[in-house]
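Undergrad: Sequence:
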Amino acid sequence: MPDPDEITHIRPLGLIAGADARSLCGDGAALPLAGGPLAFTHVEVISGSPAGDRQRSIYPVTELDRLFAGQANPDPSLSVPTATFAGNALSGEDGWPRVMGIVNVTPDSFSDGGDYADSDAAIAHG
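Residue numbers (the numbering used here): 1 to 126.
In short, the hints are calculated from the structure, not lab data. Computed from a predicted structure; not experimentally measured. Check before you lean on any hint, since a few could be wrong.
As the list claims (entries may be wrong) - Simulated restraints, written as ranges between beta carbons of each label pair:
hint	residue 1	residue 2	range
1	R22	D65	28 to 38 Å
2	E63	S119	49 to 59 Å
3	I102	D53	30 to 40 Å
4	A51	H125	49 to 59 Å
5	E63	H125	49 to 59 Å
6	H9	G36	38 to 48 Å
7	R66	A17	18 to 28 Å
8	G52	D115	43 to 53 Å
The beta carbon of each residue, even a glycine, is placed where N, CA and C say it ideally should be.
Make the full structure from the sequences, and use the hints.
TA: What follows is the structure, encoded as structure tokens:
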């Protein structure tokens with residue numbers, strides 16, 4: 001059991017989707033990841049002291065209540081649906097996660113000798 005005085009993080013492992021995720025969540029053998037539709041069957045519990053000592057252990061989600069008995073869940077947000085980011089839901093209407101990318105068009109990002117240093121030239125270049 002993690003020491004309540006230590007810093008504890010929980011990382012979801014064993015990601016599943018679809019009918020398997022729904023079935024295992026229904027049986028209590030998995031938890032929804034950020035509200036679903038993906039779920040996870042195991043967690044890596046990472047505990048450490050402020051001095052930097054670390055311990056890592058892997059457990060099935062069915063052990064979480066026993067592991068943290070009498071303690072507040074250190075990261076209840078794993079199963080809570082996510083809020084919007086940049087005005088967009090982080091999962092689509094179909095329930096699948098969205099992927100967002102960033103295009104960096106700053107002049108120092110290119111090895112073009114400054115040919116596309118202004119925004120219009122960079123955008124026109126593609």
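Undergrad: Now look at each hint and say whether the structure bears it out.
TA: Structure-based check of each hint:
1. Distance hint check: the CB atoms of R22 and D65 are about 21 Å apart, inconsistent with the given range 28 to 38 Å.
2. At about 53 Å, the CB distance of E63 to S119 agrees with the hint of 49 to 59 Å.
3. Remark: the range hint 30 to 40 Å for I102 to D53 is upheld by a beta-carbon distance near 36 Å.
4. For the pair A51 and H125, the supplied restraint of 49 to 59 Å holds, since their beta-carbon distance comes to about 51 Å.
5. Range check, E63 to H125: Cβ separation about 54 Å, and the 49 to 59 Å hint holds.
6. Judged by the Cβ atoms, the range 38 to 48 Å given for H9 and G36 is violated: they are separated by roughly 22 Å.
7. The supplied range of 18 to 28 Å is met by R66 and A17, whose beta-carbon atoms lie about 27 Å from each other.
8. Under the hint 43 to 53 Å, the C-beta atoms of G52 and D115, about 47 Å apart, fit the expected range.
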